[in-house]
Amino acid sequence: MNQPVLRINGLRKEFGGVEVLKGIDLEVRTGETVAILGSSGSGKSTLLRCVNCLEVPSGGSIELENEVMGYKREKNGQLRRLSESRIAVQRRRVGMVFQNFNLFPHWTALENIADGPRSVLRLSKADAIEKSMALLKRVGLHDRANAYPRQLSGGQQQRIAIARALALEPTLLLFDEPTSALDPENVGEVTDVMSSLAAGGATMLVVTHELGFARAAADRVVFMDDGVILEQGTPSEVFDHSREARTREFVGKTLP
Amino acid sequence: MHAPDDRLDVATALSPRRPWTWVITIFTLVFAAQFLQLLLTNPNFEWDVVGQFLNSETVLQGVVMTVLLTVAAMAIGLVLGGILAVCRMADNTILKIIASSYIWFFRGTPQLVQLIFWFNIGLLVPVLSIGIPFGPAFFSIESNTLITPLLAAIVGLGLHEAAYQAEIYRAGLMSVDEGQLEAAKALGMKPVRVFFRIHLPQAMRFIVPPTFNAIIGMVKGTSLVSVIGGAELLFSVQQIYSQTYQTVPLLIVACVWYLFITTVLNGVQFFIERHYGRGASRNASTSRLGRLLDRRALVRSQNLARGSES
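For the record, the sequence lines run as chains A and B. Per the working numbering, residue 1 is the first one in the first sequence, and the count goes up by one each step. Per the working numbering, residue 1001 is the first one in the second sequence, and the count goes up by one each step.
Keep in mind that the hints were calculated from the coordinates and are not lab data. Watch out, some of these pointers could steer you wrong.
Claimed, not checked - Listed next, the in silico DSS-like pairs over lysine-lysine satisfying Cα-Cα at most 25 Å (straight line): (1) A:Lys125 to B:Lys1190; (2) A:Lys72 to B:Lys1190; (3) A:Lys72 to A:Lys22; (4) A:Lys125 to A:Lys137; (5) B:Lys1096 to B:Lys1190.
Please put together the full structure from these sequences, using the hints given.
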């Protein structure tokens, strides 16, 4: 407990000469839930996507359990980029939930969840299905196992997507604005699942616009602006006693 | 100002008047009747001759050859086209240039010219040999012995088809949402698995219809092979009518067989599209056949789910 699982050091990322991340330092400890806030274009999503190698950083480093994500250390200490299939192996320890769910439309809810345990964890078919049904029950959708994603509401799809990410038993869970594409009445069912995960000791890095969720479920809140971390602290420190004018402006605009 | 009228009800309203619909309908019916009369009463169609040759041995051999050419050439087209599409979309610049050049050349020259060219390959390369370039050859054969009209036809049609098929695959692969590939990667799937389990199956919905266009085009395109003396369907009926001079009925025989083959292909396309359409629609199928197939799929997945409880 309380060992840093994820260690981000001086992370930089630029797209075509525009610097989106300008040196990010961040640590996440086991069992911790960290919420990342900030306006669009502040670099929150890019930061998250760098963590599981969907983006290649321009500089700095990301270590998950002391292993550099996307690179290996050669004997002389030089870093060398890993092949896509080696990166795939690293990604298995990081679960990701997307803004647009990205469930596989040609597979049923059950197939979406069971594929990982079956092909990556090498469980038997029966075990993979049993595990998946248990996860479906956990997100409250065991009666929709055979539905295709397009037959489900947005909130239901996102809960399936969370179950799919959990199926690989990841060390770290990433959420990229998981409720931004949902109807207002569907937001609660998804944040409820996330809150119960946070309470259950999952290690989570959550980019979100749901300040209510961040205040209630996060151990730490990070406020990003224009590619840097402006301030961070407990929810109460950031929301109620912020030291930065920019943070107060953002929180004031977003909270009613 | 009108007083509110509580009897106003659109449920009992009449349809709009459509005078032109009637004019067009009558005109079309008259035209269709005339065409039917032409078919039935014009003696030049010689329907009895059509019946006589429809199952004749020469024609049937032609049908078999047409099907064989289609299958063999399409097999080359589908496999080589897939390789070309992947190369064209690869990060490697050399592969990209090779694939693009291939497509540029084979799409840019007429199919008939390519067929005649392959038939005459012996003029360009009299002897084919395997060995060390600029060094000794281990094995040699005369081109004219190896490249028969049949092989020239298969190679000619297949290589041409591959260029078109490559673009069909590429269009389908590009139609899949980037988020799907990211989700697959985020789940730790390796590139080959992402391609075959996520990317290609979703692309197939957009690959199948134009591919069947291409297959049907190939069935008819094999008639070009008659020019280099391949004994396919058109060549077979030509052989018969060059002796009997019953040109029209024998061309009809060929058309009947071409229509038969393409009709079978339409049915195959229906089932393949159904397969890759899984999950594509919010609604269950509305056709009777569709409902039957849906029920079988449901039973299968229910059995799968039940297996977890036992």
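Hints the structure fails to honour: none
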